[in-house]
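Asks: I would like the entire structure built from these sequences, with the hints used as guidance.
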Amino acid sequence: MTKSKQQWKRGRGKLGILAPLLGTWKGSASTPIGPVKCTRSFSPVLNGSHIQLNARWEFEKQTYEEVAIIGVNRDGAVAFWSFTSDGKNSNGVVADVSDVHPEAIGFEAEMPAGLARMVYWPDESGGCHWAVEAKNKKGWKRFTEHHYTRA
Numbered sequence: 001m002t003k004s005k006q007q008w009k010r011g012r013g014k015l016g017i018l019a020p021l022l023g024t025w026k027g028s029a030s031t032p033i034g035p036v037k038c039t040r041s042f043s044p045v046l047n048g049s050h051i052q053l054n055a056r057w058e059f060e061k062q063t064y065e066e067v068a069i070i071g072v073n074r075d076g077a078v079a080f081w082s083f084t085s086d087g088k089n090s091n092g093v094v095a096d097v098s099d100v101h102p103e104a105i106g107f108e109a110e111m112p113a114g115l116a117r118m119v120y121w122p123d124e125s126g127g128c129h130w131a132v133e134a135k136n137k138k139g140w141k142r143f144t145e146h147h148y149t150r151a
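In this text, residue positions in the sequence shown follow our numbering: the first is 1, and each later residue adds one.
Since the hints were made in silico from the structure, they are not lab data. Just to be clear, a hint being listed does not mean it is correct.
To be verified - Now the in silico label distances, taken between C-beta atoms and shown as ranges:
1. 47 to 23: 12 to 20 Å
2. 60 to 11: 16 to 24 Å
3. 149 to 74: 15 to 23 Å
What the hints assert, rightly or not - Capping the alpha-carbon separation at 30 Å, the derived lysine-lysine pairs in BS3-like fashion look like this:
4. 61 to 14
5. 37 to 135
6. 9 to 141
Ideal Cβ positions, reconstructed from N, Cα and C, are used throughout, including at glycine.
Replies: Rendered as structure tokens:
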């Protein structure tokens, strides 16, 4: 078996895992409420001690926004704190998501409906995929996936 070429170069330190995501990404997808255009921007904040994600989902009749801060929590784990325009919030920790892709980056969070995870992984053309999955008795069930390219 041939070893696959590494596509994402990670940076230094605990937040170095996020280096491949830094910058702005654009994507579009079909959803149950119609097409969506999404922009995700990852940037260092607070003297580089955290990464801020600004996400904007533009549907035909509404816009949904998310601001998330990613940093190291009190337990020393890489974690996120997310706040959305519908008044919800969530938090979680980095997780092993290598079952999706060997270079995947992901987080798990305990949500009202149970354990969920979000996963980012590279594609062959320099873009990336993003998915959200929920844990059930059979494993992980994907309910959202987008493809992004650099803006």
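Asks: Could you run down the list of hints and mark each one as holding or not?
Replies: Here is what the structure says about each hint:
Residue 47 and residue 23 have their C-beta atoms about 19 Å apart, which keeps the hinted 12 to 20 Å range intact. Under the hint 16 to 24 Å, the C-beta atoms of residue 60 and residue 11, about 38 Å apart, miss the expected range. Checked against the hint of 15 to 23 Å, the pair residue 149 and residue 74 fails, with Cβ atoms roughly 36 Å apart. For the suggested pair residue 61 and residue 14, the alpha carbons sit about 39 Å apart, so the restraint of at most 30 Å is broken.
A distance of roughly 26 Å separates the Cα atoms of residue 37 and residue 135; the hinted pair therefore holds under the 30 Å criterion. Simply put, residue 9 and residue 141 have alpha-carbon atoms about 28 Å apart, close enough for the 30 Å limit, and the pair holds.
When the structure is compared with the earlier hints, violations turn up for hints 2, 3 and 4 and for no others.
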